[in-house]
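A.B. asks: Keeping their order, the protein sequence lines are chains C and V.
Just so it is clear: in the first sequence, position 238 is 238 by our numbering, and no numbers are missing.
Just so it is clear: in the second sequence, position 474 is 1474 by our numbering, and no numbers are missing.
In short, the hints are calculated from the structure, not lab data.
Heads up, the beta-carbon is just placed ideally off N, CA and C, and yes, glycines get one too.
Treat the hints with care, since some could be wrong.
Stated by the list, open to error - Calculated cross-link-like contacts (lysine-lysine; reagent style PhoX-like; alpha-carbon spacing at most 25 Å):
no.: 1; chain 1: V; residue 1: Lys1104; chain 2: V; residue 2: Lys1126
no.: 2; chain 1: V; residue 1: Lys1226; chain 2: C; residue 2: Lys228
no.: 3; chain 1: V; residue 1: Lys1185; chain 2: V; residue 2: Lys1126
no.: 4; chain 1: V; residue 1: Lys1061; chain 2: V; residue 2: Lys1142
no.: 5; chain 1: V; residue 1: Lys1297; chain 2: C; residue 2: Lys228
no.: 6; chain 1: V; residue 1: Lys1468; chain 2: V; residue 2: Lys1220
no.: 7; chain 1: V; residue 1: Lys1142; chain 2: C; residue 2: Lys52
no.: 8; chain 1: C; residue 1: Lys86; chain 2: V; residue 2: Lys1369
no.: 9; chain 1: V; residue 1: Lys1369; chain 2: V; residue 2: Lys1353
no.: 10; chain 1: V; residue 1: Lys1142; chain 2: V; residue 2: Lys1185
no.: 11; chain 1: C; residue 1: Lys228; chain 2: V; residue 2: Lys1369
Unchecked claim - Restraint ranges, calculated between C-beta atoms of paired labels, are given here:
no.: 12; chain 1: C; residue 1: Leu8; chain 2: V; residue 2: Gln1391; range: 47 to 55 Å
no.: 13; chain 1: V; residue 1: Pro1140; chain 2: C; residue 2: Phe37; range: 53 to 61 Å
no.: 14; chain 1: C; residue 1: Leu139; chain 2: V; residue 2: Ala1229; range: 52 to 60 Å
no.: 15; chain 1: C; residue 1: Gly57; chain 2: V; residue 2: Pro1273; range: 55 to 63 Å
no.: 16; chain 1: C; residue 1: Leu257; chain 2: V; residue 2: Gln1391; range: 32 to 40 Å
no.: 17; chain 1: C; residue 1: Gly57; chain 2: V; residue 2: Gln1391; range: 26 to 34 Å
no.: 18; chain 1: C; residue 1: Thr30; chain 2: V; residue 2: Gly1408; range: 37 to 45 Å
no.: 19; chain 1: C; residue 1: Leu139; chain 2: V; residue 2: Pro1273; range: 39 to 47 Å
no.: 20; chain 1: C; residue 1: Leu139; chain 2: V; residue 2: Gln1342; range: 41 to 49 Å
Unchecked claim - Reference listing, derived: stretches of chain V covered by chain C, where coverage requires no fewer than 3 residues with Cβ under 8 Å from a Cβ of chain C:
no.: 21; stretch: 1278–1288
no.: 22; stretch: 1379–1385
no.: 23; stretch: 1428–1442
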Amino acid sequence: MEKPRSELSLILRGVARDPLGLMGLIIVGTIIFCALFAVWLVPYDPIAMNIKDRLQGPSLNHLLGTDQLGRDTFSRVIMGGQVALKVALPAVFGAMAIGLTLGMIAGYGPKWLDNLLMLFFDTIRSFPTVMFALAVVALVGPSLETVVLVVMATSIPTYGRVARTQTLTLRNSEFILAERAMGASMTRILGVHMLPNIIGVLAVLAAMDIPTVIALEAGLSFLGLGVKPPTPSWGALLKDGYSLIRQTPWLVVGGGLPIILATLGFTFLGESLRDVVDPKLRKNR
Amino acid sequence: MKIEWQKAAVGRRKFLKGATALGAVSALPIGLGNRAMADDSSTLRVRSYGDMQSIDPAFSKGVIDEEIHASIYNKLIQYKPGREWDWQMDAASMIEQVDPTHIKFALRDDIGFTNGYGSMTAEDVKYSFERIISDETESPNKPDMGPLSHVEVTGEREGTIVLNEPFAPLWSIALPYITGSILSKKAWEAAGGKATADPLAESGPYLRDSWSPKERTVLKRNPDWKGDAPAWDTVEILPIDDENTAEIAFEAGELDFTRVSLGSVERFRVGVPNGGTLLEYPSLYYAWLGMNLDHPKLQNQKLRQAIQHAIDVPMIMEAAYFGAAEPSTGIIAPGLIGNRAQSLVPPAADFEKAAALLAESGETNVTLKLDTLNKTTFTTAAQVIQATLSQIGITVEVNVLESGAFWGSADNEDLQLVLNRYSMTPDPYYATSWFTSEQVGHWNWEQFSNEEFDQIHNSAYQESDPAKRAEMYQRAQDLMEETGAYRFLTHEATPVVHSAGVTPALRPDGQVLLRYFGKA
């Protein structure tokens, strides 16, 4: 007798059957693998300076050359991936958790609470993310934590609004009405019955959001306002590379390529996940 | 012919595939070749790092405006192109310091203003100089005129500049630079003393023909100019902020002259494209690491001295300035009165001495914050400092700031270490003026306050003997360094390239004197 497959296994199979989804899965998997095992993968200490070897081109010793301080660019790219995910994952999943909770409360709770939360979401959304991030960084100084908090704060309304809409759609469904008739608490209804129906959509949204956050962190680092030196970051690599592009183009390649790949990978994966999770799209394919 | 528009069958997924392929193709190294060099021999095209801010010398923002002002206005004296600081006659046919506070001058009789405002007279000189110091004008450039009292008009073209007290920088800053431009009294009074973006009346060898904001300023030869004719009929000044972009424009033949980045010096030393030439000039800017004397963490002089000795300036020159700049000995650049032959703390790090000083200080587990601008040069230098200080056990956290936040650091009580850089004019008076007790809380970020230093600053500009004056400024820099609050880094450098057909005319710090540019 065949063992029944889990939901996750079915989703993964669905993604893997789609060529773009498979490509996304491979790229994202590689980035996560490199980030997790960066310490063992880097051939050199990414912050160790060797000024006499500065601005070297690619070679067997230094696959992507060296920067202006003689640091191995390949090692900095690998460690930069760790920084990118350290920002993106907590920021996106933190925003998703908070947005989901607030969105479900807004959708299921009383009207006044809904209005209050919507006002809160709209207020946050009225700040342009980059300008808000620049203002906060200028105020409290650049750090990994600041970037995470800024991104998280500005992303909450996106998840909150989607969660609210889904909750509003589900709250009058027969199975929810039945639960309520049987006296189930609000916590049980939201946590046990609504959450599984909403989380899929939000997970897709999160996957598509990760490259945006990576790009934002890179953008702040490009402006010199992201993580503090000497911590490696793709944006900082791009910034130095741009300044030194006439001396060596490899810093721009080292900083730009992973951002492009991460953006493509997470977008492909998100697109494919959405197709797999959404039954309407699944039928049309 | 009827064109029928049809909806393209490109879905989101196809677009993503296509865009990915296009991105991959665009990443391939496809040589496009150099554009043919422009060959318009009567037009000189030079790059400026910014656009004109004001046509009024009273509100000039500095070098960028001065490039234009020095071409369309005259001064009594102008800087002489060359490697040594010197001046030459311009509108003056005679100028003489008759005593420490009186300078007599006579104007040439062949200089006239455009737009029918007649010949240049001593009244124009009086109006121009007194306008700068007038409280009504509120000119930010007023300090450049120092203790100017007034100008006495003694004839149609003769007069005397009267000072309240001796002022040596008059010859190096006030007269040949921003505030020395002579305006037409009639024209400016007719306009109520204010100009818009257009010059009211010009008198120089060039006239401003047009100004397209953020695009170009065009100067044309003044047909009524009676002095030595400028070599170029037209000068186009192109504001290009980014040095990489300017270098590409130069290599494409779109520019005849530009400053280049220090990182490109090594490449241009090997050869300049299109038969051009690289010229390396020193700069007057000064960069240093400052320590806030008021901060509780930096009260210990031995600790500050340990930091001084642990910073390896030659390494910073190599990493951040690509070996194209020299270590400095203070805030006054070589070639200026008061430059020190050597600093008290040698440029190279002495880790043994630094460690000994740190041990003497009794400080342990020292962690300091180093503020710096978000420019690659400074963040690179900051990282070198971070690495070298770690060798004696001092932990440095680099705090990168955007320019608004950085330049607002004067009242930042938490400022600890700061990597700083100030601009400079060719007189030591300008350098020491930012480090007096009066400047604490303004530009004196180290909170350095020393009575002897203040006294030197207030008396050295009155000293007419260059040797004595030099000694005074050297002593002033010794005082700064002895506190341990300063680690002088560099005066940077001004590398420039010019095309084969151009003979540049530059100040000793590499700044352009457009009216003297020649043809090769």
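A.B. asks: Against this structure, judge whether each hint is valid.
C.D. replies: Verification of the hints:
1. Lys1104(V) - Lys1126(V): holds, 12 Å
2. Lys1226(V) - Lys228(C): violated, 59 Å
3. Lys1185(V) - Lys1126(V): Holds. Lys1185(V) to Lys1126(V) sits at ~9 Å (cutoff 25 Å).
4. Lys1061(V) - Lys1142(V): Since the Cα atoms of Lys1061(V) and Lys1142(V) sit roughly 12 Å apart, the hinted pair holds (cutoff 25 Å).
5. Lys1297(V) - Lys228(C): It holds: about 21 Å lies between the C-alpha atoms, which stays within 25 Å.
6. Lys1468(V) - Lys1220(V): Roughly 45 Å separates the two Cα atoms, so the pair is violated.
7. Lys1142(V) - Lys52(C): violated, 47 Å
8. Lys86(C) - Lys1369(V): Distance of about 24 Å is within 25 Å: holds.
9. Lys1369(V) - Lys1353(V): holds, 23 Å
10. Lys1142(V) - Lys1185(V): holds, 18 Å
11. Lys228(C) - Lys1369(V): holds, 11 Å
12. Leu8(C) - Gln1391(V): 47 to 55 Å: holds, 51 Å
13. Pro1140(V) - Phe37(C): 53 to 61 Å: holds, 57 Å
14. Leu139(C) - Ala1229(V): 52 to 60 Å: Between Leu139(C) and Ala1229(V), where Cβ atoms are some 57 Å apart, the hint holds.
15. Gly57(C) - Pro1273(V): 55 to 63 Å: Given a distance of about 21 Å, which is not inside 55 to 63 Å, the answer is violated.
16. Leu257(C) - Gln1391(V): 32 to 40 Å: With Cβ atoms ~34 Å apart, the hint holds.
17. Gly57(C) - Gln1391(V): 26 to 34 Å: Distance hint for Gly57(C), Gln1391(V) holds at roughly 29 Å.
18. Thr30(C) - Gly1408(V): 37 to 45 Å: Distance hint for Thr30(C), Gly1408(V) holds at roughly 43 Å.
19. Leu139(C) - Pro1273(V): 39 to 47 Å: Distance hint for Leu139(C), Pro1273(V) holds at roughly 46 Å.
20. Leu139(C) - Gln1342(V): 41 to 49 Å: Once the Cβ atoms are compared, 42 Å apart, the range 41 to 49 Å for Gln1342(V) and Leu139(C) holds.
21. 1278–1288: This one is violated; 0 residues, fewer than the three required, reach chain C with a Cβ under 8 Å.
22. 1379–1385: Satisfied; 5 residues make the cut.
23. 1428–1442: violated (count 0)
Checked against the numbered hints given earlier, the structure breaks hints 2, 6, 7, 15, 21 and 23 and satisfies all the rest.
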